[in-house]
Structures are given as structure tokens and as C-alpha cells.
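Visitor: Each chain, written out:
Protein chains: 2
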Amino acid sequence: MSTAEKVKVIFQPSGRRGEVERGINIIEASRQIGVDIEALCGEKKVCGKCKVRIEQGSFEKFGIISSPDNLSPWQKEEAKFITDAEREQGYRLGCMAKLDGDALVFVPEESRAGKQVVSKAARDIPIKWDPTVRLYTVSLTKPTFEDPLGDFERLCAALEEKHGLKDLDVDIFTLRELPGALRQGEWTATAAVWNEKEIIKFWPGEVTDYYGLGIDMGTTTVAAYFCNMRTMEVIDTVSMMNPQCKYGEDVMARITYHMQNPGGLERMSGDMIEGLNTLVQKACEATWPPKKKKRDENGKSMRDDDGVIILEEAPEKDKRYLQLNPSDVMDIAIGGNTAMHHILLQLDPQYVGLAPFPPVIHRSLDIKARDLGIKINRGSYIYVLPNEAGFVGADNVCVLIAEEPYKSDDLQLIIDIGTNGELVLGNKDKLISSSCATGPALEGAQLSYGMRAAPGAIERIKIDPDTHEVDYKVIGRDAWRSFSKPEEMQTKGICGSGILDVLAELYTAGVIVKSGRFAKEQKSDRYRVNPDTKQKEFVIAWAKETSIGKDVVISLKDIRQIQLGKGALYTGCKLMMRRMGMEKVDRIKIAGAFGTHVDRTKALIMGLFPDCDLEKVSSVGNAAGDGARAALLDKQKRKDANWVARNVEYIELTVEEDFEKQFMQSMQIPHMVDEFPHLEGVVPEEVLRQK
Amino acid sequence: MSTAEKVKVIFQPSGRRGEVERGINIIEASRQIGVDIEALCGEKKVCGKCKVRIEQGSFEKFGIISSPDNLSPWQKEEAKFITDAEREQGYRLGCMAKLDGDALVFVPEESRAGKQVVSKAARDIPIKWDPTVRLYTVSLTKPTFEDPLGDFERLCAALEEKHGLKDLDVDIFTLRELPGALRQGEWTATAAVWNEKEIIKFWPGEVTDYYGLGIDMGTTTVAAYFCNMRTMEVIDTVSMMNPQCKYGEDVMARITYHMQNPGGLERMSGDMIEGLNTLVQKACEATWPPKKKKRDENGKSMRDDDGVIILEEAPEKDKRYLQLNPSDVMDIAIGGNTAMHHILLQLDPQYVGLAPFPPVIHRSLDIKARDLGIKINRGSYIYVLPNEAGFVGADNVCVLIAEEPYKSDDLQLIIDIGTNGELVLGNKDKLISSSCATGPALEGAQLSYGMRAAPGAIERIKIDPDTHEVDYKVIGRDAWRSFSKPEEMQTKGICGSGILDVLAELYTAGVIVKSGRFAKEQKSDRYRVNPDTKQKEFVIAWAKETSIGKDVVISLKDIRQIQLGKGALYTGCKLMMRRMGMEKVDRIKIAGAFGTHVDRTKALIMGLFPDCDLEKVSSVGNAAGDGARAALLDKQKRKDANWVARNVEYIELTVEEDFEKQFMQSMQIPHMVDEFPHLEGVVPEEVLRQK
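For the record, the sequence lines run as chains A and B. Each residue of the first sequence is one higher than the one before, counting from 1087 in the numbering used here. Each residue of the second sequence is one higher than the one before, counting from 1087 in the numbering used here.
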């Protein structure tokens, strides 16, 4: 098999096609051609999400003959996810089937990596105005024979005299703008100064407003706060899926992708940079005035020679329409977990994934935007927040500088639940942090019908204790199931925030018992043993209510996954409290999208985190994003970040002596009345005292 | 005339050809095709050096029909340089004739921009070893669960403990090398640290030797000293023509090129960067081991499948053969005059050419090599020396930090003669500097037969006072004219160092008088009135001795040009001495190639600079290059450079009250016995007392 040989491949229903190297697998082909197929496990062959169908036949329109025989032989691992009937139809796993000839590949809806509904709004946290980048306007005298001082020294003298700025450096690209700016502004100019140290931009005349972004770079979602750096106003919040999702859902999958693919790190980094550039562009374009159709004197819309309607700027140029461009962005502060941090910066992330998990660097970095390929003002820096440890990254530092537990008397427990759970415990006297492998289950991934928070995802559920009948609600539809026709639901799966609801309801309705097993007594035909998988399962939505033509179920295996996740989190909290020698915490803060959506009562019922006055359990929203925004606007926060990254003590929990025992106990649904006195009066007595 | 239309053009004798846009002139076409035509005046249409001949006829081989009619119409300014007979033959000026159709262009030898013989060897000046970039080797302990500190912080802790380095930054590209280097070197690594501030390179294990270049970027020649930065040894001296020469010979011509051509600045800068990259590559390749033919057991040289002889490395790998690559270069210090400085950095140079001549910046700059496109170690900086003023640039600063007049008790006059003369006068108490428009004449340019110091250029001359017969010597031939057959001389013109000889000899032999006019009594037929130009002239070399088929003469106009140059220099010296209130100087130092070649006695006879004990007049060679090398190896020199750039007082001489009067007087050949008592006993009595 020559590696130089090419085969043709077409993806349906998108219709995208191209030529790829013979011998690559379908996932890789989809990446090259630009089709998104779910690859939750990062091609570790364990999630089965990348199921696709190879069509049989001659497709003259595309000049190919497609056949399942054009692929590498069937692997027995594929049988775990593909039934014999499906195999007959041509189903394969995209990560296993390699192209040995032309193929038309149909990507079923559940295998498509959909566009997630992202809601990460900026919270109103108090931020002091003391940005790293500031503007200064000065007026100069013109050079003469008596005073032929050079432009830069002339400007610096004025900046020192008027603003006390000394020994300023200047970026070479910025310096090129100086002679023109001075003369165009008739010897009045504005300089953007970074860190009281380096001039990164010149404008002719006086300029007052300038712009920046605080960016929270999550494993799944990237959210940016676009700010006016003078007024601190959040002009817009923009977000996108992390474009690296196609290389694997979690950080370990991406680290694995890097280790197994030469150039993989550069590719993932490049995708992120490209994404960030698009994000900045999008933020700027939102400030542009709306266009309207250009009309002739008769009011008819005008067309150009090609028949295209001509648009022109709307007349009212109100304050909202700033017409900003990426080159108007003077500063960016960005934080992400250690793996995202390393991948962005092309720092080898493999050791972050290997015990004892040392990161390449902890401290914050100031990197010229152009060195990363980020297209903002050419002289500007990107401020990259510092990492605490291999598994507690800059995203957690962002949460800390937003929430400032290091200034608090109260003992706070801050939980940031993503694919990895990050925990911080303490107050102004001491802070410890840890991470726990909650796994993707709490976010809905790696479950039979888990999915991201996208339209069609079940997010709320109620189960009747008497009949075990189910009512639920999906994202993108206000009406619950009981108020809809089945076919209106278009259900697709269960999202992260729905998962806890499901489990808590299954338990309080008596479908499952404390150990997580299904109860002996079942009240509906929703409970069954799946004839194909032989697994016990409970039907949440019948096939007729879904857009995927299949029952959406939760299986015993799914329940175990969730228990593993919640057990890991609870063990983490407990062990950290033991380390700090404390019985209870004063306050629990839950960061991230999970926190925004989670039902506190149900979380306590499931024993996700330790008992606490429900009033003192709060969601702090996208605290990571808030922290990045704070670092953009207040340089003290940058100092705090470096301090906190080095002064929060990281605890590796898995090496604690009785970790295994604690973990086994934590997987159980807890005995509420003993462990969660705060639930008294909140949940029904019989649930509270259930054995 | 559509601008998109193309015409074919072929240059002879080089045979280079290509398609260019219809309507551009021949000089521009030659640039695009890569043929060097002399354009001394930068297309200001005043030098006449770019004379070319358009051939008439059908050139089937090239598929073109060439004709002088294919060019834009004859301009009357061309008649200044092209005789009617030459016009008949198809001669045109390359800067005026535009291509309106295909053309075969013959470039006569005297119009070709030849390769100059450059000799800028490194002098032995005392330099202290204290480079800005230093290497440090440390051994670390491996990370463990108890000590999971990140790679960078682990390294920094060791660098602080062992070498006292604190708060180090790191270049992002360098940081990417860290995890690999640490593990490859089994936790021993070497870091290159810039300015005790930033790590710019990592190597696994221990590394001791590292490399750098000190570069003197002249208007005409660029010379680089390639140094081992540990031992301070100059491994090699490499040089090249300034690739910007094709845009004009002097700085004003290049500034004009920038102002008249959009993108011209970027083009000139790009050419310099490309040249510097080639220079670095050349320096490195000189360290590679020689290749030898690979031989089989029978001693026969071996060939590959294509029949090409296979080369292999010579066996003796002695210390000389380092096999360095540009990425081994850790530092570069570069200096040039203010215009060269600005063009290199793409800083608008137009104000440097306009009164009161303010530069864009004085102070030194540390610029990431990659930001300039200079291909050395990716994390390294280029140190760009500071400018004193618009007409006294970093090249002069280099001379000063090499010669250190600011540490001297003696009153020194330092003269750096190029196209622009740069003067520094003073001692440790006070230093003043100035520049004077010596013009290109002292270097041999803009004279009828002036040329660069290239083979065929007259460099020494003697004129017999009794017969006015001439003997001379050319570069590239040891034998003088009187010892050669005429056709062996292959004379082409007169170079800079020859010019002063010519004038001094013309004067002492009585061919010209003090005012510069030809003497009434002439003794040979070498003196004549040119029938074409009607100019008085004196033949230095007859046509039969030349390779250009024409008499090489010096005309009255040429003599005037030289007088203007030497007058400007002498006026500068005198006015500066007056400013400092001094009658005489203790020491005169002449920097640059001019200084190396000039005959001190003849310079005094001509009155180039003030009287001084001949023993105290010395050439300091390429002091600018030595200064750049000093700045590479001793960071104190960089501090000195910034200090001296701001503390040498720049005097604009042309605004002195009696400048004109002084200048008129200085143009005369001086009255030696009065003004130059030190010439007594050195020149014949009758010359010394000549009126």
C-alpha cells in the first residue's frame, strides 16, 4: 500500500468531499475535509460515538463506487457499539475503519458534533480600574536646529514630564507608526503603554477609549468578554466551541492525540489560535453599524452588475456602533486549564498527563500576540494566567482571583466541575487545592445518550414515585413532555445538568436504591433488560419522542459512571476537609456552567459535595471568565494570580492512604439524615430517612 | 497603454532575461530581473552612470525583436551624458528610457555595478569579556509527588541557587524546548540568558561555546565579525556589498527612493535582511568541514545513480570545523548610520533628510531577531546601536565606543569619511560631533571616471614634475604602469584612495595651482580641452591601457568636486575646533577604509584636516566594526553607547554664521608653510612654500 495513494471520500448529509491519503481512518478524513464527527474518547475506541454508515453503490454524480468492502476489515471491538443488524447496514466506527478505497460516508445525527448552546454571561463582580495597558496623550514642541531631538525621545520626555513615566521601551512595529502619528496629529499624540514599561501603540491626536478581551478557554467552550478598557463596560460576550473538540472530548484525549500524531500539538494549537482570531473578529463585527438596502429615488432597492443587492450603512450612527477592528484590541487576558494552556502555547503537554504531573511552567506569561499568531494590535501582549499544578490550571486561578477566598474569613469550598473537578478549600489563612477525576459523566458525556447542552438535550426531569412515569423538558423547547405531542419533543439525549436530575429522581422515586442498583420492585415497562446489550436500563424518552428514532435510556452502566464521578468529587471534598482538619464548611461556591444549572437540593441528595446550609451554596457562574476579565482590567489581579498559583497548596488526593476506601463509600447515594442534616425539611421525610 | 501588459527584456552580457510590466524604466527592469546597473544618483538623472545600449534586430533565440524604437522617446537630459555618435548606436540612460516593447539591453562594463574588493579585517582592540548573553549549566532533581514543581520553576530555582539569577523571563519559543531538553539531558541543561533577564535558549546537558556577530552596516559595505562568544575569538570576517546600492549610492538617494516609491522602504529593508541572513549563513558555512570525494576500495571516486560524484566529510575533524548553523548564533550587535539604521528597521527615514534632521529614535533597541526576519536562534535579540543625530548615527557611536575618546586626556579628532563625513572632537571633558557633506567625490563616486575600490581602479599615482608624465597602479595588479604593457593594465577608473593621490600629485607636479585651476604652463599633451564636453581635462590613462576603450581623465569639474569634499571636511574640523576654543589637536584618528588607504602626507598637502604631528595621525581601520564587536562581547559598551549617543553634543555646522566664508577658503589647496608646520621637512621646500 503506497502512502502517496489517494482515495475519494464524501460525507453525507453535509455533502463535503475531498481526496485523502489511502489508509487513514474516517475520523481523520473527516477532520481533513472539515466535517465534525463526535470523537468523545479521542479515538481511544471506547465511546462508540463516532458510528457512521458506509453506503454501498455507484455514485456517478461524484464519480465513485462506494462499498463497505473499501474499508479495512471489521474489528471485534466495533461489536461493542454496533449490533449485527447495524453491521449488515454498513455501520462502522469512524476511529477504527480505515479507507482503502473510495467511500460515501453517512454521518447519523447522533454522531454529528453539534453546535452547543453556550450561555456564559458576564457577572457583576467588583473590579478596580487599574489596567496593565493605559493611554496617555501628550503635546510636543516641534524639532528645531536648536532642539533636534529625535521623535521617540521627544515623546518620552513629555510622557515623563506630564505622566511621570520613565525609561519606556517601545515595540519595533509600534515605533514605525511614530513619525507619521506625530506629524499627522500636529505634534499631539496618544500612546498606549503596557505595564508602565513599553509603548505598544501610537495614535495621532487624542484617543480615550480602547478595548480588550478577558478569555476563559475551557476544554469544551471558549468564552470571551469584550470590554471597553476605559469604562470597564462589557461590550459583548462572545463564545465558541473549543475547536479542539474534534481531537477528543477531554484533556487526556487531546494529550494522547499529541503523543500519537506528529504535528498534532501544532495542529491543535493552530485550531485554537484560528478560533480565537475568529472570536475577536466576531466581537468587533458586533460593534459595526447595521447595513440596510440602498434604494434609488423611487424607493427600489438597487443591485450591482452581478444582480446582488447593494447594502449601505444605516444612517443613525449611535454610540453603540463603534466599528471596531481587531487592531483596536490592546490587551487580552486568557486562562485555561493546564492542558489547554500548554496546547495553546505549544508546550509539550505529555508530562502534565504523567505522574507526578509537572507542568512546563507555572508563572504567568506575557507573550506578543504576533508570536502566537493572534491578530490584534501588533505591538500588544497576550497575558496568559499562571497554572497551579498539572491538574489545577490557570482556569482555577481565574476563579480564585474572581472569588478571592484568600481575602475571606469564611471557610469556602470552591468547586469547578468540568471533565475534571477542581477543588479549592480554605480562607485567608490557608488555601489548598486538588483535582479529582470526575470524568465526563457529570457533564453527560460517555453515557449511552449523554450529549452536550445543545437543542434536544433533556435538562430537567420528574419521575412519579407511584407510577414511575417520566416527564421532562429539553433545551430549545419550553413545553415539558406532558404538555407536548411526542413528535414535538425532538429529543436527542441527556445533557450534563439533566444527568443529576435523572439520578436524583430515579432515587427519590424508588427506581434505584442507595447502592445505585435498580430496585427489585419496578412499576413500569420503562425498566427492562436490553435484548441487545443484556444491560438493565430505564427508558427516559420513547423513540417516537426523539429525533434519532431510538429510545433514550439510562442504563445501569450509565448510573455507575455517574456514581464514579460524584464519588470522586465527594471523596475530594472530604479528604481536603480532613487535611484541613475541619468538619464542615461555611460556604460552597460552584463555578462553571454546571453550577449555573445544577439543582442544589438534588446535588445534596446525590451526595455530590458535603453538607452545607442551602442558603450558603451558590453558583458563581463563569467565575473563570470573570477572573480573566478582572486580570484584563486590574493589574493587581495579575500579581494576585501569580501569588495564588504558588501559594495554594496542591494536594494529590489519589496518593492519600485510604483514598480507595473513601472513594468506595462515596459512590453510594448517601444516608441523608446522618450526613446531610441541612436537607431536613427540604426533602420528604421518607426519602430523608430511607435506608 | 494597459499597465497589465508585459514586455520581454534581455540583459547582455549576463544573458539574464524576464518579462516585466510595460512602461517601467530599464533600471527598474534590471532590478526585477536581478541585473546590477550602476545608479549612483538613485535615478535623479544626474550621474549618467546607467548608460546602456539598446540593440537593433531580431533575436530569434529569445523570440524577440529589439529596437531603440521600442523605448520611450529620447529626453534632452540624456544628451548631457550621451554623445550624438553614441545615440546613433542606441545608447540611452537606464533611468530615463522606459520599456514600451521588447528589448535586448547591453550593459557596458563601466555601467555594471561590480563586486567591490572589501577588506575590513578585525583589529586587536582590548575588549573586556562581559557579554549580554551568557550560558549557565545546572543539574536538577526530578519531579516527584512531594515536589511536583513545574519544569521552568524547577530550573529557575537552580539558576538562582547556583548562579544568583532571579526573576528570569523566558521567550515563548525557547520555553517550548524546555521539557524535551531537561529529559534528554537527564535533568542537566544549559540555558542562554540574555541580560540576566530572559532565557533565550535551552540545550540538554552542558554546553560551553556559543556564537555571535558584530556587524558594521555601511552605506556601501556591510562587514560582520563572527565571534566565539566564550573565547572572544574572531572566527571569521565576512562582508558583502550593501544590497541597497541598487536603489542609489548614497543615503539621500535611498531616502528619495523611499519617498518616491510606495513599498520602497520595505523593499530596501527586505533586501538588507536577506543580505544579513546570507551573511550569517556564509559565516556559518565557513566553519563546516571540507568535503572530499568518496572512493571505493580501488581508490576510484564513487558516483550516485545520477552519475554525480559522491562527497563525504573529510576525516580530520579538527577544532576549526565547528559545523555551526545560523540557529547557533545567540546574539548580534549591529550599527549603521542613521539612514541605514532607519531603513533596516523600516522607520520612516524622510525626516532624517529634512532640516532639522530629527531621527525617529536615538536610543539603542533590543529587537527579537524573528521580528526583523533575521534567522538566528529564534529567541535571540538583535542589539541595534543608538544614533547620535540625524547625520551622526550608530556607526559613529560604534567608532566612539571602540576608540573611547571619552576616557582620553588627549584632545582627539576622529574622522570617519564615507559619503558623509562624521567628525568627533574632544576628550574626557567634552565631546562634540558633527557631520559634513563631503559628498561622494572623496570616495571616487560622481567623478567622470570614479569608481569603487574594485579591480582595475587606479589607487596610486605619481606625476613627474618635469614632464607631467604619469605612472600609476591599479587594484588587482601589482605591477605599475611603467613596468607593464599598456594592454595589461585593464584600467577602469579611479577609486577613492586614488583620488587624493591624483590631486596631490597634480598639485605638487604643477599641473594645477592652489585654486584648483589648471596651470597656465602645461608640459604634456595629457592636458587638453575635451572636444565633446568643452571641459579642460588631464588624461591619467590612455584608452589603450583601459578595459573600457576610453581615456581615463580627470576634468576640471572633477577637481572642483574633490575640492568641495575636502573643503567641507576641513571646514568641519576648523569650525569644531573654534567651538571648542582650540588651536590644535593632539591626535587625529581616521576611521574606515578611507583611513586605511589614505596617504597622510598627501592628505595634509591637500588640506583635508588640520595640521598635526604626522606621528599622531593614525588609521583606526574599521573602528565601527570593532565597536559593534565590542558591544557584542561587553555589555558595558552598550551602556557607554547610549550614554555617548546622548552626551556628545551635535553641532549643525551649516548654520554657523561664517560657514560660507570658511567653506570658500577651505576649498583652496592650503598654504602649507603657514597652516601645516608639521609638513616642514616632509615635502620639498618649493612645494611647501608655493604661493
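I should point out that these hints are in silico values taken from the structure, not numbers from a laboratory. One thing to keep in mind: the hints can contain errors.
It does not matter which identical chain is used: a pair holds within one copy or between any two.
[Stated by the list, open to error] Lysine-lysine pairs mimicking PhoX-like chemistry, simulated, CA-CA at most 25 Å apart:
#1 Lys1368 x Lys1609
#2 Lys1454 x Lys1283
#3 Lys1094 x Lys1493
#4 Lys1702 x Lys1516
#5 Lys1609 x Lys1548
#6 Lys1094 x Lys1609
Visitor: It remains to establish, for every hint, whether it holds in the given structure.
Guide: Okay, the hints, checked on the actual structure:
Taking the shortest alpha-carbon separations for Lys1368 and Lys1609, neither the intra-copy value of 52 Å nor the inter-copy value of 86 Å comes in at or below 25 Å. For a Cα distance limit of 25 Å, the shortest separation of Lys1454 from Lys1283 qualifies both inside one copy, at 14 Å, and across copies, at 17 Å. Taking CA atoms no more than 25 Å apart as the test, Lys1094 paired with Lys1493 passes in neither setting, with 61 Å inside one copy and 76 Å between copies. With identical chains, the CA atoms of Lys1702 and Lys1516 are at most 25 Å apart within one copy only, with a shortest distance of 20 Å there and 74 Å across copies.
In this assembly of identical chains, Lys1609 and Lys1548 lie within 25 Å of each other by CA distance solely inside one copy; the values are 15 Å within and 123 Å between copies. With identical chains, the CA atoms of Lys1094 and Lys1609 are never at most 25 Å apart, being 53 Å at best within one copy and 91 Å at best between copies.
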